Structures are given as C-alpha cells and as structure tokens.
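Student: From first to last, the protein sequence lines stand for chains A and B.
Residue numbering for the first sequence follows this note's numbering, beginning at 1 and increasing consecutively.
Residue numbering for the second sequence follows this note's numbering, beginning at 1001 and increasing consecutively.
By construction, these hints were calculated from the structure, which means they are not laboratory data.
Keep in mind that a hint or two might mislead.
[What the hints assert, rightly or not] Below, a list of computed lysine-lysine pairs in the DSS-like style, where the Cα atoms sit at most 25 angstroms apart: (1) A:K21 <-> B:K1133; (2) A:K156 <-> B:K1137; (3) B:K1133 <-> A:K156; (4) B:K1223 <-> B:K1137.
[Claimed, not checked] Between beta-carbon pairs, the in silico distance windows are: (5) B:G1270 <-> A:V55: 48 to 56 angstroms; (6) B:G1136 <-> A:T84: 31 to 39 angstroms; (7) A:M46 <-> B:K1053: 31 to 39 angstroms; (8) B:K1223 <-> A:K285: 56 to 64 angstroms.
Keep in mind it's a predicted model, so treat the numbers as computed, not measured.
Backbone N, C-alpha and C define an ideal beta-carbon position, used for all residues, glycine too.
For reference, the chains in residue letters:
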Amino acid sequence: MAQELIATRQAFGEELTAIMKEHNEVVALTADLGESLRMLKIRDEMPNRFFDTGVAEANMVGMAAGLSIAGFIPFAGTFGVFMTRAFDHIRVQICQNNLQAVMVGSHGGVSNALDGASAHALEDIAYMRALPNMTVLFPSDANQMRGAVRTLLKHKGPTYLRMYREPTPVFSDPKRPFEIGKAYIEKEGIDISIIATGPQVAFALEAAEQLKKDGINAEVINVSTIQPLDVQVIAHSATKTGKVLTVEDHSINGGLGSAVAEALGENAPTPMRRIGVRQFGESGKYHDLIAKLGIDSAGIRKVAKDFLQTK
Amino acid sequence: MNTAELQDVARRLRFDAIDAIYRAQSGHPGSSLSTMEMLVALYIGGVLKHDPKNPQSDDRDYFLLSNGHACPGWYAVLAEAGYFPKNELQKLRQLDAAAQGHPHRGSLPGVEISSGSLGQGLSVGIGIAAGLKLAGKTSHVYVMMSDGEQQEGSTWEAIMSAPKFGLTNLIAIVDKNKFQIDGATEDVMPGLDPLADKYRAFNWDVQEIDGHQFEEIFSALTKAQRADKPAVIISHTSRGKGVSFMENSDHWHAGAITDEQFATAKKDLGV
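This is chain A alone, in the form it adopts within the complex (with noise of 0.2 angstroms):
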C-alpha cells in the first residue's frame, strides 16, 4: 500500500490557519518565509494578526514576546537555520520570560536539501534543548504536526516546534491525541530500540520493515518530543533489546542521540549507536543527499545490522 506524502510545514500551514480562525487570540509571525511555511493565507484572510517583519529574525521573535506578554498565543516562523539569528532574543525573551510562544524551525535537518549547507537546520534541536523552560517538538508526520499545534494552543511555556519541508511518510493514526512528553512505541521489537524522531521515524519503520528479512525484529520509537523526554519509554525498551540506534536528521552533537545518551547513561546504561549529520551538508536532490548521509531507511537498516552482529 503506498502511503500518502505530505510535508509537515504543509500540514502546519493548513492548521495553524484553521486553529486562527476558530481562536482570536492566535497570531502568526514570521521573517519573510510566510510562504515557505505555508502562512499566506492567513496573511490573506486575516492580516490584522500576521505579522511580517521582513528578513528580521530577532525582531520577529522580540515581538512575538511582546504579543504573548499583552494576551495573545503567537507562533513565530523561519526556517530552523535561520532561527540562530534570534537565539539571544529566544533565549532571554522568549524562555527567562518563560512566555507562551511558539517558534517555529521549518525546513529542519538537510530537507532543503537543494538550497546546500547554509540552508540546512542541523544544531538547532542542540542549542533549543540547552535553554531551560524550552518545550523541543518535531513531528514525524503531517497527522503528528496537526496534533502538535492543537495541543499547543494549552502549553502554557515555550516551545521550539521543528518541521519538514519535504513530503514524507504520513504513518501515524489521525486518531492518536498528541501528548508532549510522550514517546510512541510504532512497532513492537526485542532485539533493537530504534529510536527516531521527525520524519525519519517513517523511514525507521520502513528499515525494521526490511530488517525482518535479515531475521532482526526491531523496535522502532518515535520521540516527537526531544525535551522534556520520555525517559521511561525510551529506558524500559533499552533494558528489553539491550541496544540502542538513534535517527535523526540533524548533527550528531546535542540531539537526539545526545539527548538519548544522557539519559540512558544516568538510567539505563545501554551499548548505543547514532545515525545523524556529521558534517556541513551539500546541495543535492532530498533522497540522494539523506542517502548518501546515511539518514534514509537503507542507511538504518546497515548501521542497524552491523550494531547486532558486534560482539
């Protein structure tokens, strides 16, 4: 059965849009990527709460402070790469402030993949999840990403919200409330955690899928929230496998795997392996680049095989 295809900023885009008009205390920024992320139309049919600051990361994130502070839920987007430029301004007047506010890192990890290495969002999960009060998301999927933005219409706190620009993989059941915290067991396994997090989970699933021919059930998790983790999910299926790979479409340095290793060396010390970016990107079609980065199903699946024929 093919599965559907949608990009997770397109999902955003579609519900962040509906959610503002069901609340009017909802308001959308962002620096010049309204298209991009997919906020034209609120542009269009409710301009008196988008606001464009034009190519100014920080002041779009200053503002969106200073709308949260006067009542408003704001959601603040540019691209995850781009999000650096207003990383002081996140740091003291979005999360000291401790403020409900929402920003928004799309095209994350290398999934513009074209534009090259200045384009691509890898050590943003890594310096959001260092702030304290900070909430890091990233939706593996259009029906996650849906979710996500309900429920964080009653987060009181910050949140980093990370999304894709390529189509990917929708897997997940529309059904399923999203929780933040909560990492999702998406197929049952003993002799491998494979924990992933954005749309690499659908590729996680599609290795383990493939894995079952080289004889390996693998347990695929989806860590939609990075921070705070799940800590007790991710601890009882390493204690079960014994081993541990992390997937992610990011640097290797301070992201999930960190995140993931942190936690497990404190509660459950487990032999572990990484998938992740461990260099600047390049330009190159989607597919071609996450393969030849080895964060594609195909790269899982080997690193995945290798890790259990170790001793």
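Chain A is already provided as a structure; the job is to place chain B on it using the hints.
Tutor: Using the frame of chain A, we list chain B on its own:
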C-alpha cells in the same frame, strides 16, 4: 507634585540606587543616575497609567527597561511608587534576593520583561503595542533604551518595523548619556549622531530634550502620547548625574563603590 518636589524625590532615589550598589559592591550607577528624572516623571509624576498594588491590571501602560543595567535606579523608583518595600532594593544582587543584577520577569512586581542583553526591549515593546492595538486597548508602551544600545543591529530591525505596524501607542526613550562601557559613544563607534535624523528617516516622531529638566520631560511625553506615529524622545543626560566623581566620568558604567566614595556621594546627594 510640583517640579521642586519631584527634584527632591529624584535626589533621594539617586541615593537609594547608589546605596544599593554600594551594599552589593557591584552594579551600574552611571545610567541609574542619568535616567532618574525620566523614571520619576513616568512613575511618580503621573504619566504612567499604573497601579503598584495591582501590577498586572488590565488597562495598565507598559514600561520596559531595555537597558536593563540601569535597574538599581529603576528599582528605587518602583519601590518609591509602592511596587515593593525598599528593603528589596537593598538586597540587590544577593543570592536568593528578588532584586536581580539585571531585571528578571517575575522576580519583582512591575518588571514586565527580563533584560540586560541590549537590543531586545524595543522589539518586545512593538509586540506589546501591536497586541494592545489588536485588543482595542488605549494603553501606551514605553521602552527605555541606552544610546550604546543603538549600536545593536536588532534595535534597527525594530525601529524599521514600528511604523509599518502603525503603532501610535509606542513611545521609545533613548537615554543619551553619551557613554558606554569602553568610553564615549562617539569614540567607541562614531556615527551614532545625528541620531534624531536617523529616527526621522525611519518615519518616527522625534523629540530631543534635556533629560534632567522635568518641564521638558513632561512636555515631550505629552506630545509623544498624541503623535500620529511611533514616537521617540532622545533624552540628553549626563551619566552619573548628581554624584561629583561619577558625572561624565568615562569609567562609571559599572563598578564597586569604596567607603570613601560612598561618603562623597552621600554629601553630593545631600543625605
């Protein structure tokens, strides 16, 4: 309160700020002293719509101290206005004290935002002003900035955007005391002046005043409230105003005050 009475309040509060910095053996006296008349006019002189006993009141004006290092002076004014007891100020910078070295939202009543990292307050003020406008409220947002802070690129992102959003409820105040950490602003980064022309070029309503004269301050604030675009008051002041060895000295951005210096400051401030 008449001008003479406000001047006397400013004198007393200058001492409260210096006293707190002396007790802490750390802090920023220069801009605590240069901003004093403006802060007294706003909080004590009846300009701000505010209720110290109900700091979150729905119809309040907002004041943001973007140059957060000036907070000892601001805390002294907030205490005088009744937001918290004066002994909170006297615990400035001590462990577990509410009076943080730079403002921290939630630590003291009346502190709307955290600040200390320069170049952020104006953007936040623009966001609050946009929100008030959206909510149909008539309150104003006042954002105090330093002149050194005008060197931050993000300040100019904010300056450029305020007219776009039609924020007639936004009043920026630049405390132009002409000094920053490394020396005179014109030595550290020549080109800040003519600052008024720069704001005009960005389509702001601009006034320049002597920031130590209450008549000029009240007149400018009243005009700014009625402006048909975002308004800025460039408030020319002296860093360290009122304390002889600090006034216009190039090394009193921050520092510890000795016993001897404290005695001189007391004398200068008539305490």
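Student: Now look at each hint and say whether the structure bears it out.
Tutor: The hints, checked one at a time:
1. For the hint pairing K21 (chain A) with K1133 (chain B), the CA-to-CA distance comes to about 19 angstroms; that is within 25 angstroms, so the pair holds.
2. At roughly 23 angstroms between alpha-carbon atoms, K156 (chain A) and K1137 (chain B) fall within 25 angstroms of each other, so this suggested pair holds.
3. Between the alpha carbons of K1133 (chain B) and K156 (chain A) the distance comes to roughly 23 angstroms, so the proposed pair stays at or under 25 angstroms and holds.
4. With a C-alpha separation of about 19 angstroms, the suggested pair K1223 (chain B) and K1137 (chain B) falls inside the 25 angstroms cut-off, and the hint holds.
5. With their beta carbons about 52 angstroms apart, G1270 (chain B) and V55 (chain A) fall inside the hinted range of 48 to 56 angstroms.
6. In this structure, G1136 (chain B) and T84 (chain A) meet the distance hint of 31 to 39 angstroms, their C-beta atoms being roughly 36 angstroms apart.
7. Taking 31 to 39 angstroms as the suggested C-beta distance range, the pair M46 (chain A) and K1053 (chain B) conforms, at roughly 37 angstroms.
8. About 60 angstroms separates the C-beta atoms of K1223 (chain B) and K285 (chain A), a value consistent with the hinted range of 56 to 64 angstroms.
Every hint from the earlier list agrees with this structure, and none is contradicted.
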